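Enquirer: Sequence:
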Amino acid sequence: MSEFGNKAYTLMHKNEPVAEIKLDEATVSISSIGQVYAKHHVPVGIPVKKGEIDRAALNEWWRGRAIPASRDGIQEALLELSLSVTQKLLDKSYGLSLSDQYWIRPSASDLRWSDINFFDNSFSEDVGNVLFGQGSSDAMNLMSPDNTSDGWLKKKWVIMESKRCLVKGGSGATQQEPYNEVIASKIMKRLGVPHVPYTLMEQEDYPYSVCENFITPQTELITAWYVMHTEQKLNHVSVYQHYVNCCTGLGISGITEALDRMIVVDYLIANEDRHQNNFGMIRDAGTLEWIGPAPIYNSGSSLWFSKPLGLIRAEGKLTCKPFKQDHDEQIKLVTSFDWLDLSTLDGIEEDVRDIFGDSLFVDEARCHAICQTLRGRIERLQEMVRSRNMLGWVDDQSTDVKVNIAYSGLQEDEEERER
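Using our numbering, read the sequence shown as starting at 777 and increasing by one per residue.
These aren't lab readings, by the way, just hints derived from the structure by calculation.
In this text the structure is predicted, and so the values were computed from the model without any measurement.
Do not take every clue at face value.
[Unchecked claim] Okay, the calculated beta carbon distance ranges per label pair: (1) 805 with 981: 37 to 43 Å; (2) 1151 with 793: 51 to 57 Å; (3) 979 with 808: 40 to 46 Å; (4) 973 with 883: 38 to 44 Å; (5) 1111 with 892: 39 to 45 Å; (6) 978 with 852: 20 to 26 Å; (7) 1119 with 855: 49 to 55 Å; (8) 892 with 1009: 36 to 42 Å; (9) 1134 with 796: 50 to 56 Å.
[As the list claims (entries may be wrong)] Pairs of lysine to aspartate or glutamate, DMTMM-like flavour, derived with a Cα cap of 20 Å: (10) 962 with 1048; (11) 1083 with 1048; (12) 965 with 1033; (13) 864 with 800; (14) 1093 with 1048; (15) 815 with 830; (16) 864 with 896.
Where a beta carbon is used, it is the ideal one built from N, C-alpha and C, also for glycine.
Kindly produce the complete structure, drawing on both the sequences and the hints.
Expert: Written out as structure tokens, the structure reads:
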């Protein structure tokens, strides 16, 4: 049904009607929200007050489902698809995603979740092929989960042996991100850290990482960004503590242990892009019960991927997210290293060399520098853990985390030697 340039839909959560909405045909934004049927099924982090959904917040959520404008090669892809903005792809596939169970059903339609969801039904690879610069077909089929994929790297969903898999490329002269995903997987497997396994594939000499979807038809990923919108953050509360508080408020257990592992892994691999949509929680889409922290995924922007050879060094300053701007500061948020056995990383350099072995983009000198620098990060962390065990930690009442006095002393010793 169309009225004054608006199309009427029902926002659905699997088979559960959530609310009536209208989309503006020109902007593909939510122009109005009608009756709310199931407020508990409104997307996490979207306020519902006095039975009314916050339209601005729901619009932000809806726009966030679209391919970001920063995606590598997106302008060329839009020209190929004869579209002005990526948001115009959303309603072409009913807003369906392989990360959650939300979708929009046209009003007066008898469409069923079981007939169209991408977990159980096949989908077109036309959009993914265009996003990879492989051209379009004469009769484009826009029914694709690629319409709702996030991130700035080229990526597409494919079905491999009946499994939904994400294929993701690299960037720049080194195309290093796909290799990094596999290296990070190796590190986390050795450390016993829950993670999404990645493998490497090549197409036309270019590397791509491949991972199986860790979300099922019964579950969904709620990123930290939306978890942190379930409560208002107070000015005196850190981002880290706010996230922990929100998870605790939702009844999610195991959060500090999961964060300890994520922060340690990101320190070791020098991850520069663990933003608030790159980690989160998994919940049951039917019962709305929280299952727990998601396994670690999307670790490609690491291992000095964008740095020239001369800047690959263990002590170098790097961009850091999500809780601090410096890894040396963020590692202090770890509440316990009791689980960590860094000896399991002995010989990890051989794995790194094997992964980079046939690369046309990462030469021997760069591979050697990464191996040496990764070993340096491991040794630095080992020294922090040793010092902590020897001297212990004390509570600092001015913050909501513990301050590692031993590590601070280690830093002062280093600075004194440099002077």
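Enquirer: If any of the earlier hints don't hold here, list their numbers in rising order.
Expert: 16
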